[in-house]
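Asks: Below, each chain spelled out in residue letters.
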Amino acid sequence: MSDKIKIQVEDVNVFYGDIQALFDVTLDIKSKEITSLIGPSGCGKSTFLRCMNRMNDVIDGCRVEGKITIDGENIYDADKDPVLLRARVGMVFQKPNPFPKTIFENVAYGPKIHGLASNTSELREIVENSLEQAGLMDEVKDRLNDSATDLSGGQQQRICIARAIAVNPEIILMDEPCSALDPIATARVEELMGNLSNNYTIVIVTHSMQQAARVSTNTAFFHLGHLVEFNATKQIFTNPSDKRTEDYITGKVG
Amino acid sequence: MKQHKTNTELIAKSLKRRHRKQTRLKYYGLFSVLLGISFLLILLGSITLNGYTAFQQTVIKVNVKIDENHIFGDDGKVSQDVMYATNWDGLAKKAFRKVFPEVTDRFQQRKLSDLISANSGYEIQQMMIDDPSLVGKEIEIWVNASDDVDQFIKGRLNVEVPEDQRRINDMQLSWIQTLKEKNIIKKTFNTGFFTSADSREPESSGILGAILGSAMAMVVTMFLALPFAVMAAIYLEYFAKPGKLTDFIEVNINNLAAVPSIVFGLLGLAVFLNFFQLPRSAPLVGGMVLALMTLPTIIIASRAAIRAVPPSIRDAALGLGASKMQAAVDHVLPLASPGILTGTIIGMAQALGETAPLIMIGMVVFLVDIPTGFTDTATALPVQIYIWSDSAERAFYERSSLAIMFLVLFLIGMNLLAVLLRKKFEKKW
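Same order as they appear, the protein sequences are chains A and B.
Residues 1 to 254 in the numbering used here are what the first sequence spells out, letter by letter.
Residues 255 to 683 in the numbering used here are what the second sequence spells out, letter by letter.
Now the in silico label distances, taken between C-beta atoms and shown as ranges:
1) A/Gly17 / B/Arg676: 36 to 42 Å
2) B/Phe679 / A/Leu116: 26 to 32 Å
3) A/Gly61 / B/Leu675: 33 to 39 Å
4) B/Gly283 / A/Glu65: 52 to 58 Å
5) A/Gly61 / B/Ala558: 21 to 27 Å
6) A/Leu84 / B/Arg676: 36 to 42 Å
7) B/Lys267 / A/Gly61: 48 to 54 Å
8) A/Asp81 / B/Val673: 39 to 45 Å
9) A/Thr250 / B/Phe679: 51 to 57 Å
By construction, these hints were calculated from the structure, which means they are not laboratory data.
Note that the Cβ used here is the ideal one computed from N, Cα and C, for glycine as well.
The whole structure should be built from the sequences, with the hints applied where relevant.
Replies: This is the structure:
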């Protein structure tokens, strides 16, 4: 565990048209740790997550103000290319969304478009290595050329994780990665996150208090677009300083 | 105290009325469907009944002997000059009249000659050009009967009316009877209909020219409309910033899809022919005009197909660091292609049946030659039908019906192709 700060967020405001979704969010995310974002639906945690790889750019009418720096560079600077940013900041979505192609093609797509492999054997190595890291190699090694959409939900989500890892990002953003999975698949993904945090900085949005408590080192609680509390996970769950946090984690609201 | 009805009783009471209403609506719907189907059947049935006889053509056997001096020049080689200077028509008629040596009156001889096609001489000439070794020999040849004889043999000419009101007089009827007895008149498969272009004589006319004209125009339409439409659809879905301009473009694309096709014809006439000086009556320009007409249809279908691809697929690609173009080309287009193809084929089918814009750019031509290139003068299948339906001869009527049958067949084929392609390329995710 290091204390190095990977992502620095300063006074971020996000608007969807005239509606403000985030208000003056400021927090630091540490390198090679898991940070979880919790809060009731509509509190802006997913919006915040999507700020960090500029996926909000795709949404019509969405405007981000403020400063988000990764390793000291503001990712919203005019000369910053979101394509390069997204290669550095991978993302795993709520619903498993493998491409309707083979398992191999799914994982190989990222390295291919970025030209990370100079020949087929290198590409194969990257794919196998990523599947290995995603803990999926044993299950799919004989059917890399089968369609990824034929896999189970849990396997599909791990394909998506392997696909993100294949580009070798520094940060992985996960937007409720387990909400569509059963408890067994969830346990596997959580175990995987633990292993990945040795090499990657992970930010996860979750609706499951237990999941946040189990996997993350730090936790941020959002409410109605405001960052209410950001602290060590243990602290948040045992001794929250804000009344709203306490109400939420004890199940009184949300 | 007054006994109130329970809710159950109230609902039970209304049930009968509600069921009746549902049944009534069901029968209204069924009636509409049946009405539609029956009109379709009537349409197809009447076209088939009118057109099936055009599959056959009445022919008459003629014995003819061509002298060498009709085809060879002084040097003993086949001479174009001599050949074209020869009265082949007269030769054919003379040869046919030998069947009735007793007819000597000039007026009667004319009436007799009218039984065979006016193009018989041309047929014999073609035969001699194809095979000069036939020259000097007595050969048997089946020439087309004239359209009136053909219609009479097929039972489409009413001979019950007074003689001066019909196209075949009593004398001609008796000659036809003699031909029948001598067994030198018969019906054969109408090969000429599928191998030739238009003609003044119904018995010599065919649809090959029109089909080729249509096919070439469709190729041009396809290669122009599809790429432009797909690119426009990608731009509008992925790159266009929402705003007044984009809204304006969107509204206009939808409007263009509803613009009467003749307006596109006028546009083609003004822009392609008058301004750019492109060849008149050519499938190239016809295809360009039809492409303009089809473009909005394909754009709308392509946009719908692109929008039907789950955004999660696009997000996945963008999240990996793919550019918008890569996300579109690598992931969205393959998934949208069945929808785009279906839209394209339906747009093309619409273009295939279009007459008005082609008339405006001069593709309504009487054309005996079969077009061989994109800039040749040509006509199209629906225009050919229009030309024939405008002709006086009774025999063109059955031919236009048969041509309509082929047009409908092509349309059914294209729609079938759309369904099959859709089935084949549709992916699940």
